[in-house]
Structure formats: structure tokens, C-alpha cells
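Engineer: Single-letter residue listing:
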Amino acid sequence: MPSASWMRILKGSGNWPKGPSGLLTKLRPLVFIAVLLVLWQTAASRQTVHVLPTPLETLAGMMDLARQGLLLKYAVASLFRVTWGFISAALLAIPIGLTIGWYRRAEMAINPLIQILRPISPLAWIPIAILWFGVGDIAAIFLIFITCFFPLLLAAINAVQGIPAVYLNAGRNFGLSPAAIIYRVLYPAVMPQLITGLRITLGVAWLVVVAAEMIAVSSGLGFLIIDARNAGNRYDLVVAGMVVIGVIGLLLDLLMRSLAGVKSLRWGVVTED
Amino acid sequence: MAFQRDGKITPVLNDLSLEVAQGEFLCIVGPSGCGKSTLLSAMAGFLSPSSGEIRIDGQVVTGPDPRRIFVFQERGVFPWLTVEGNIEFGLFALARAERQRRIAHYITMVGLAGFEKAYPSELSGGMKQRLEVARALAVNPDMLLLDEPFGALDSITRLTMRRELLRIWEAEGNTVVFVTHDIEEAVQLADRVVVLSDRPAKIQQIVKIDIPHPRDISSARYLELRNGIFEQLGLAHAI
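Protein chains in written order, with our numbering: chain A, 1 to 273; chain B, 1001 to 1239.
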């Protein structure tokens, strides 16, 4: 059929040469970053007033930190806080959210409270966290917990309410017990939306941990940045810390994406038809 | 049977009495929104009538039951399970060997052999519909309740699916209640066609289709029965 071959050409999977352009597409982001680094290096080394360290200075700063063992130590400290805050929030918020979403009346009763607590920036909780837990890991973990709890709660509530009635009816029709409906219909049905919620929330938690560490603790990548500035304007260390934060954030997101790539969990991502 | 919404009570089905024989293929047709699907949902036990009752073998229907399986449009298959997993869904009470036997049997019956490990998102609309029918048949139900099952399919697939359904029904001997808005479809498939009126739905007429399968859809008898139903619904034959 002529129409079919036209479609193939329009979709770009026809006889067009692919090899070199494919490689170029993969290299394009790297080339772009390299160009920016060169521009940054040239511009920053020409500056008369100190505005920004050069990429090479940043790299030297990073090596410096690594040599002192601080880079690994601070990255682990930040990841430790995010992990525990995120996991404890997920363990609590997801079951509660699923239950609230399941019972419409519970949702109507609790929703106003959630809507008031949700827009409060997690950073506003810092004084309370320090009051309750003192300066230290627990306060930072508590802040991450607060950061993750409300988004995950809402994601779980919405996920349950978004389950098409046909799935639940089909489950009941085949004679499943209420417990079996929960783990054979409800759980797989909410999975794609929950994974999206977890991924976005982990990203936000990583944003917040840096801010929290600037105030509430004396270790971690956030502390590294604020400390480098306070103790002698070491802006090379500041930018080095920023780069490390960015790279770890990217890796965390890739990790969550690979989780979303599991086929039996991912079904919702594939568009039907 | 009535629904309450925003404090207003909307009667959907009114003074409706209908008997379905065992092994019968019954079609229900009627104007859109008349309550065909409500009637079917009540038969399945998803809805309970506000007055009156539904009895199957003398027993009052109080909830859904695996002996009567409701087939939704192809939307009802579970997207997180493979073809095999979907068919296996209702077979949890059976031994492993029997489960495997039924899965293999019904996959072949509905022509999905080779797609055992495929997910519904990789199937066409017609294949998903056949998968849902296979999932329903696998639990060996007495009754199949089908709610406009072929409504979302293209016309060629729809014709194939009708033939398939008849073949399966003749082989398995289930009682089939089939809701459709397509009068042609009803006359092609059913032993009897129940014509419902506008809401609140009443039975306008029950038409016995006395043509043996396979049916010649250009025969005089077919056209006569079809046109009779068109007239019942107040539709002209010419457009």
C-alpha cells in the first residue's frame, strides 16, 4: 500500500541514512556542555573582579575536597538524610493515602487540612525541627520527611481515585476477597501514578536537603556550600559542591526512571492504541 | 429501579419483567441512555434494584458472582497483566495444571496463540476484546453478560467478532445476555431480541428470531424481523 510507505517516511524510520546522525544526536549534549565549559573558562579568566571561579579552579576545588575526604563524606551525609526521610515518608504516606483515597468520606474530611499544610515550605519547619530534635541528623531527616509526606499522600489519594471502576468491578466479578482485590487490582492499578509521584518527590527532597543543611546541620553538601563561603569565600568549593549536587540529582532521577521502566509496573506509561 | 442524584430520583427501569432461558442468546436493544446497561449491571449484581428483584435459578442476586461474568468493552482487561495473566486472573482457586490447561485452551479458542506474553497495550482493540471474552470463559461461567462489547471496534473486526462469539456460544452453551444499540447486530446474533422503550425503560416488544445459524442477512425473513424492530423504535427504513 502506498499510504503505509508514506507513513513510514513521515515517521522517519524509512530509508533515511541513520548511522552518523544517530551518533551525532547522542554526542550533541556532550558537545554542547564542552562548548559552554570553554566559554565559561575564557570569560571567567578574563574577569577583573572575581565573579565566578573558572571550570579548572572548580575542578581543582573538587580534587581538594576529595583529597580531604570531605566530598564523599558530605555526599553520603546528604544521601543518608534524603534516603531515611524519603523512605519513612513513603512508608507512612502511601498506605494512609491509599486508605483515604479508598474511603471518599475520609478524603472529604481530611482534604482541607492537607491543603493547608501542603503549601507550607518545608524550610519553614526548620525552627520547629531544631526545637524538637536539636541541630543534627534527626532534624534534617524530619525536614525531608515533611517535604515528602504531603506530595506522596496526595499522589496516593489521587492514584486510588483514578482507578477505573471497570477494574474493581472485574475483580469483584471474579469472586476476589477484599484482601485479594487490594493486592491484585488496587496495588497494580495505582503503581504507575505512585512511581511518578515517588520520582518527583525524590527530586524535591534532594532540593530541600541542600537548603536544610545550610541551616540545621554541620555536614552535608548544603553545609559544604555555606561553609565554603563563610570560611574564606572559597567560591571554587561552592561551585564544586553545586556540580556534585547536580550530578547526584541526575543519578537519583535515573534510578527512579529505571524503576518506572519495569514493564509490569510501567503499563500506564504506554499510551493505549 | 431508580437512581438518586443531587436529591432527584431518576427512575431508570420501570415495571420490567423478563425471563431468560438457560443456554439462550438474548439481545437487549433500545434507545441510547434508556437503561440497557443498568439492567445488565443489575443482573451482574453490581447494582441492586430499588424495588423488585433479580433471580437466577430461583436465587436472588445480591452481588457479583463468578458464575455470571460481565464483559465490558475491551477496557476491562488488566493492562498490568499479560494475555496469560489476564486469563489466569479468575482461576486462582484451581490447581496449577488445570489453570495451565484452561489458559492454553482459551488462548487458542479466541485466536491469541503466540501472544501469551504480550501486554494489552501491544494488542489491537479486537484482540483485547477477544482477550476479555477468553478471561470470562476461562472461569466457566453459566452466564455471560456483555455490555456493547463490540461498540468500540471497527466494522470489519466487529463482524468477525460476532461470528467468533456465536461459534464460542455454540461450543460452550453458556447463557448470553448481550446489550447493544445496534439492531442489525441483535438480529444477527440473538434467539430473542428485547426492545426497550425510552427512559424509564419498559419492554416494548420481545422479538423471537426464528432463523437458524448461520444466518443469511439478505433473506426476506431477516429483513422482515429487522424492519419490525426499526419500526418499533420509530425509525424509518430510509435515510
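Just so you know, the hints here were simulated from the structure itself, not pulled from any lab data. Each hint should be verified, as a subset may be incorrect.
[To be verified] Coverage of chain A stretches by chain B, computed from C-beta distances (three or more under 8 Å per stretch; other residues unrestricted):
id, region
1, 60-73
2, 184-191
[What the hints assert, rightly or not] No farther apart than 20 Å at their CA atoms in a straight line, the calculated lysine to any residue pairs in the SDA-like style are these:
id, chain 1, residue 1, chain 2, residue 2
3, A, K73, A, G261
4, B, K1117, A, L255
5, A, K73, A, R184
6, B, K1117, A, L37
7, B, K1208, B, S1017
8, A, K73, A, S177
9, A, K73, A, V135
10, B, K1117, A, G261
11, B, K1202, B, E1084
[What the hints assert, rightly or not] Examples of chain B residues lying across from chain A (beta carbon under 8 Å, computed):
id, residue
12, A1044
13, P1064
14, P1066
15, I1069
16, F1070
17, R1075
18, G1090
19, V1139
In this text, all values refer to a predicted model and were calculated from it rather than measured experimentally. Quick reminder that beta carbons are idealized off the backbone N, C-alpha and C, glycines included.
Engineer: Provide an ascending list of the numbers of those earlier hints which the structure does not satisfy.
Structural biologist: The structure breaks hints 1, 3, 4, 5, 6, 8 and 11; every other hint is satisfied.
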